[in-house]
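Undergrad: Sequence:
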Amino acid sequence: MPKTPKPLKLRCFIGVKFSLQGEIRPLTEALSQIDDEAARIRIVPAKNLHITLKFLGSVLESQLDEIETRLKQLASRHEPLALHCEGIGFFKNSLWLGISPNDRLSTIAADLNQAFSTQVLGSNDRTTNTKPYVPHVTLARFSREAKPRLLLVKKKFEDTHWGDFQAKQFHLYRSQTLEDGARYSIIDSYGLVDPV
21 MPKTPKPLKL RCFIGVKFSL QGEIRPLTEA LSQIDDEAAR IRIVPAKNLH ITLKFLGSVL
81 ESQLDEIETR LKQLASRHEP LALHCEGIGF FKNSLWLGIS PNDRLSTIAA DLNQAFSTQV
141 LGSNDRTTNT KPYVPHVTLA RFSREAKPRL LLVKKKFEDT HWGDFQAKQF HLYRSQTLED
201 GARYSIIDSY GLVDPV
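21 is the number of the first residue of the sequence shown in my numbering; add one for each residue after it.
If you're looking for bench data, these hints aren't it; they were derived computationally from the structure. Ideal Cβ placement from N, Cα and C applies to all residues, glycine included. Hints may be right or wrong, so weigh each one.
[Stated by the list, open to error] In the DMTMM-like style, the derived pairs of lysine to aspartate or glutamate whose C-alpha atoms are separated by at most 25 Å in a straight line are: (1) K175 with E106; (2) K37 with E49; (3) K174 with E88; (4) K92 with E199; (5) K37 with D179; (6) K167 with D214; (7) K167 with D85; (8) K167 with E57; (9) K67 with E106; (10) K29 with D200; (11) K151 with E106; (12) K176 with E165; (13) K175 with E57; (14) K37 with E165; (15) K112 with E49; (16) K188 with E88; (17) K67 with D55; (18) K92 with E106; (19) K188 with D208; (20) K92 with E165; (21) K175 with E88; (22) K37 with D85; (23) K29 with E106; (24) K92 with D200; (25) K151 with D131; (26) K112 with D179; (27) K176 with E81; (28) K175 with E43; (29) K29 with E81; (30) K92 with D179.
[As the list claims (entries may be wrong)] Derived CB-CB ranges, DEER-like: (31) D55 with I207: 32 to 40 Å; (32) K167 with A202: 18 to 26 Å; (33) G201 with T127: 17 to 25 Å; (34) S52 with Q93: 39 to 47 Å; (35) E49 with D208: 28 to 36 Å; (36) E57 with E178: 22 to 30 Å; (37) K92 with I54: 37 to 45 Å.
When you get a sec, could you build the whole thing from the sequences and use the hints?
TA: What follows is the structure, given as structure tokens:
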């Protein structure tokens, strides 16, 4: 008896595209000049830069229609955003660009967290985020050995105001881990609605 194929799963998240690639070039150039194999600094390609609003994890392809319906409904209840980017910081093994606190962005993230709870997507416990939402853009990943070199970069750029940008839509992304790094592709986009 032939085996039934497993349902296709996609690793997905919801995010806003980051559009200040030109403004952050001095920082990316400073990172690329750190010539240290042990540091293993991997700068995120410009096309992958984004602000994560909600990580969905692995979802069944059969769930995409329901996910997209919810995203359309949610986007229609929110206005476009004016976002400000400044400073840099570290998580354990990544360097991020800061996004200034924005109540409307936080509200969208909270609405998405509620709309895509574990009850909606199944048993993936990682989909319900109980931590405070901290908007940021991951710019690079690195090994522990990179920290001393990166502290000099942080000191130089930590108070830099990178600029403002408009977010008129958010996107449902598919994330794939490939040999040459992560690939993010947009499944669909959802326009935020200007007030009448």
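Undergrad: Looking back at the numbered hints, which does the structure fail to meet, lowest number first?
TA: Result: hints 3, 4, 6, 7, 14, 18, 20, 21, 23, 24, 27, 30 and 33 break, sorted rising.
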